[in-house]
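A.B. asks: Respectively, the protein sequence lines represent chains S and D.
Using our numbering, the final residue of the first sequence is 450, and nothing's skipped along the way.
Using our numbering, the final residue of the second sequence is 259, and nothing's skipped along the way.
It should be emphasised that the hints constitute simulated quantities derived from the structure, not laboratory data.
Where hints are given, some of them may not hold.
Unchecked claim - Quick partial rundown of chain S residues pointing at chain D, CB under 10 Å, derived from the structure:
#, residue
1, S211
2, A216
3, D223
4, E228
5, V232
6, D418
7, Q424
Stated by the list, open to error - Here are the simulated lysine-lysine pairs, PhoX-like style, with alpha carbons at most 25 Å apart:
#, chain 1, residue 1, chain 2, residue 2
8, S, K147, D, K55
9, D, K175, D, K55
10, S, K410, D, K130
11, D, K175, D, K79
12, S, K410, D, K131
13, S, K337, S, K348
For each residue, glycine too, the CB sits at the ideal point set by N, CA and C.
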Amino acid sequence: MRDYLLTLVSVGLAALALYFLTVSEGSSGLLSALTLIFIWGIAAISLNLINGQLGILSLGHHGFMLIGGYVTALLMLPARERRPFRTRLLSDWARNHLDLDKWLRGLGLDVLANSIDAKFIIALFIAGLAAALLGIIVGAPSLRLKGDYLAIVTFGFGEIVRLLPNAPEVASFTNGPLGIKGIPGAAGTIWWTFLALLLVLWFFSRLKFSSYGRAFEGIREDEIAAEAMGVNLAYHKILAFTISAFFAGVSGGLYASYLQSVDTQTFNFFVTFFLLVAISLGGLGSITGALLGTAIVVLVRVYGGFLEQPNPAWVGYLSGAVLMLAAFGFSAYIRKARRLRPVIEPKHFIFGAVGAALLIVTIAFFKQPWMQQTVQFFGMRKMLLAVILILIMIYRREGVMGRAEFSWKLIFGPREDIPTDEQRQQDAWLSNPDLNPGLKEEGDDDASA
Amino acid sequence: MPLLELRNIYKAFGGLQAISDVSLTVNEGEIVSVIGPNGAGKSTLFNLITGVYKPDRGDIIFQGERINGLTPDQVTKKGIARTFQNLRLFTHLSVLDNILIPQHHRLKSGWLAAVLRTPRYVREEEQMKKIALEKLSFFGPRLMSFRLHQPVYVLSYANRRRTEMARAMATGAKLLLLDEPSAGMNPKETKEITQIIRRFRDEGGYTIVLVEHKMNLVGEISDRVVVLDYGVKIAEGDYKDVVNDPQVIEAYLGRRDE
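This is chain D alone, in the form it adopts within the complex (with noise of 0.2 Å):
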């Protein structure tokens, strides 16, 4: 069975199709990308996902379950977590406090037992800053002492990446959707996303859907890559043999004339 299976989505914005008929299958363990120029429809198919917009028609199905139609906090619930092409971090709060936010859903106790702070809230708390730490230690000890306090707006870009990923990671998700996550940054930092995102995978167990524009990266981790443009799908299929696709050839460069 399939982790993620989008079937027939369609997305109009006015006059726009953002996204018309696109279907889209994502197995467990898999990194897939999704490229395209730009106003292609990336973004929109990941807000699509992520409940953000609702599909005009179609169906995301995701692990056997229909989600589209859910607000965006409750698919985050049932395993689906996204980080932002932008930057959208807690700019003023502490780096520990960003990564207990988005572990905050799976708080058993009651508003009142948390004032309380009855053992059950105790024993929650504690188990949120274990598995926070635990998220931001694959990221190695640059954010683990000192910083763990610090607001996030003192920390350079490169640890704000990091930050918003282990964020993502600590919603308990499986399926995380990174919208440009090499966005901003100069090769050397590209080159150790690319190995944080395959360790994602290898050793997080995470299914990976990234929208990406640099196009070492994509061919270097991609298992498989969709291309879209003005909200269709042209190509899928292996890095090597999308690349050489004329259809591909001719959304990114144009037609030659002949």
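Chain S with its partners taken away, still in its complex shape (with noise of 0.2 Å):
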């Protein structure tokens, strides 16, 4: 009963930051991050039944979000963007025919067919199950191979589905490298990606914590153990990949609906790519961490920007100093927080020469011209996303989550894996035989029973 309140009253208090946020002014960069946090969470989330709960290494994901992009980019295409010269290789019939407005004038139901909310419910939904059919396609390889083979299998299948649109005979469907433009923003818009998350969140949350979670968790632990206690590896696993792929291809709709165009440069390797690194990151396996890690990645790709413009090298130098400098210290701080002698490892003051000569340098030639000149790092996001999972790998494998999930009982208790004082006591009884003599007199047989 807290634990409801306290969820409802902190969705109560996101929405409501959430409305500020939009009403404010100078807030547009924000909620398109956030925008993009929300579908790319839904994807992450979505993945990381595949990779973290059932332990399959999957790896072409993106291919399941462009079904979904495609699907609903070709239903929810209005009339005006229907005209061939926008559509140059659409054929007649899927420019005519693949039309959720039509369908429902069709069936008598103008008044969905007037509310374009409506039918992006139902375009995502359809977009969701034409990804979850492919998803069936794929799961069932996954019966046969394990571990890197599937994932190459996997990563198979997503780059030819990524490939797909552009050979001519499916291009009149989907326009080809051209791509579909014109697509309405509803979808994309920060309110709808908001309630979809949650939607997502709650679904995902429920499955985990059901007996059907506890299978595919059981299947990621031991999938002989598994077996041998009754859970049925073939439809498990292609549960999971079908479930997984319909949420994949609902983000990809939303994602379609954001940048109201679509094409196949729009789902490549990379989106895969930066979902894993994401899950990595917030703990394979957390839906929590999932959504974190996925907040992180974001925020590095769009306020990283500053990392890539055009500064004088110096600037360059003095960061290099800074950040060589700071993990001097940092270091120090750690070995000293753990009391390890001597504080500083001989090795880490690699670190310490490394940053104080790169200072040397830039206050020793801070006039010259080379020091002066314009440079600029392209990739520095990307770089710093590395740098960012490699030390997560190091200091914290699992990722930030680990497995664990978000819960109210984590911070406010009661802990159930925590003993109390009283639970304590009785199992120190139950095992000592100074504590209780029962043991002792009764001799061996009836302390072990």
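Got two chains here, each in a separate frame; can you build the complex from them with the hints?
C.D. replies: So this is what it looks like as structure tokens:
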């Protein structure tokens, strides 16, 4: 009861914060960052079901998202965007018949057809179903393959799906490399994506803490044991692939609506790559972690732009020096906190020395022309992500959240896995003959029974 | 009618005849031990019964039903559960989850019902928890309170063994196959395991087949002992008769040079 109230209150507060963001000026950057976090968060949570909870490395998630994106785009494309010169490669049949608006009016459901939101809900659902169908097809080989081999198969699948829209035969449905433009942006707005994320969080946490979620985790922990305990491996693997693909398709549709266009480059392999980075950062197997990891990745990508601005060279040298000296100081701080001796490990002096050298160079040659020259480093955001990933893997391999989920009990208690003093005493009494004379007198037999 | 019956089972791995012409009947309420030197085919026999391997020839009949060719999860659903020689618990899951997973196959609600928490699913879930506690209480109160929610990897070795046995019981099986239940245990813990196996039969009503190397344990609890050597059944019967059988002595110690 308390937990439900707390959840309601915090969702309400989040919605209120979003409302103030939408009405205040100058927050469009933050809003679009949040929208991206919500959309990618849905994708990451769905990928987490396969990679984290089921324990199967799948690299084809961008394929599912692409299917969802294209299906949504085709179904939602408004009539004025369907004119031949805008959709050159699209066949007349696809142009005229793959139209949710017409379908609904054909069925006499004008009420739904008049509302773009209702149409989007239906379109996203169909997009999810299309992706789920492909999930079944990919899930099927997963019954025969394991580990790296399966990862390669899923990767191959993702690439096939990505390249397919370019093929001339398929282009009559996908408009080929030109992509589809002019998708309504309604579903890509902050409120839509926020509600979709809430729904996804609810669904996946309910799934995780159900008997089916436990079966998935059993398969991850030990496939042979899970099978020996009556878990049908084939059914549960395909089920997980299907559910995951469904929500990947939905997130693909939301993303297509956010961009208002979709083409084959929208969902390339880097999409899966970033999702993988996100769930590894946040903690494989944790829904909270997947969302947290996505937030980190998106924020670095959106707000890391300053790293790639043109700057005089000395800025680079100086920040190198600061980073090195910070690493030096931080390592000393950690060793001190852990009471390790010596406080500064000899090899950590390398950081200090390099940092000091860079600092001296910066100051000594500050006036030189090569120090004032403007340089620009591209790809710094990706590099920063890579460095964060390396650090997490070294210092906290299981990710920020590990396998744990956020829960109110974690903060306010009671923690059922930590014994109370009373339980501790009972436990000691059960096994320690000094406390429990009964154990001694009646011999070992009773002590162990 | 015997509970489990093996009829002339053969199994070869490439050129190695791991099991040849082994027949075995296990009656309800019996404790049958399978012994034999290393590589005699004891574990292969278990894997054949549980569906990990399919026999090349022969039939496996459980409760009058032919079960060879079934997958391990189907065999478990029929009512045969096993423990593993070197513990195969779901290490990062809690003790309770470990005992709940084997009950999953009895769940009637679909996944959508589970997500929506329909009344029937909630009832089933409660029933599962009740059974889990009932199975764990077999081992006294030590796994019952806070340990229930602790991950398995923090447990002691003996507690993990207990958890694994509770897990096998929770599948709802009638026949338990225990693969070296006392491996890696000290004499005191072995004694406890001996008692527990006996209580499985007397209080739980289970039928038990076990593979074991510790002869004092085998001698103490077995109703019948089956000896395998090079995949062939060389002796069967009472413990005392079997250990005095010249063929068995030869299999274990070799022939005396005369």
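A.B. asks: Go through the numbered hints given earlier and state which of them the structure violates, listing their numbers in rising order.
C.D. replies: none
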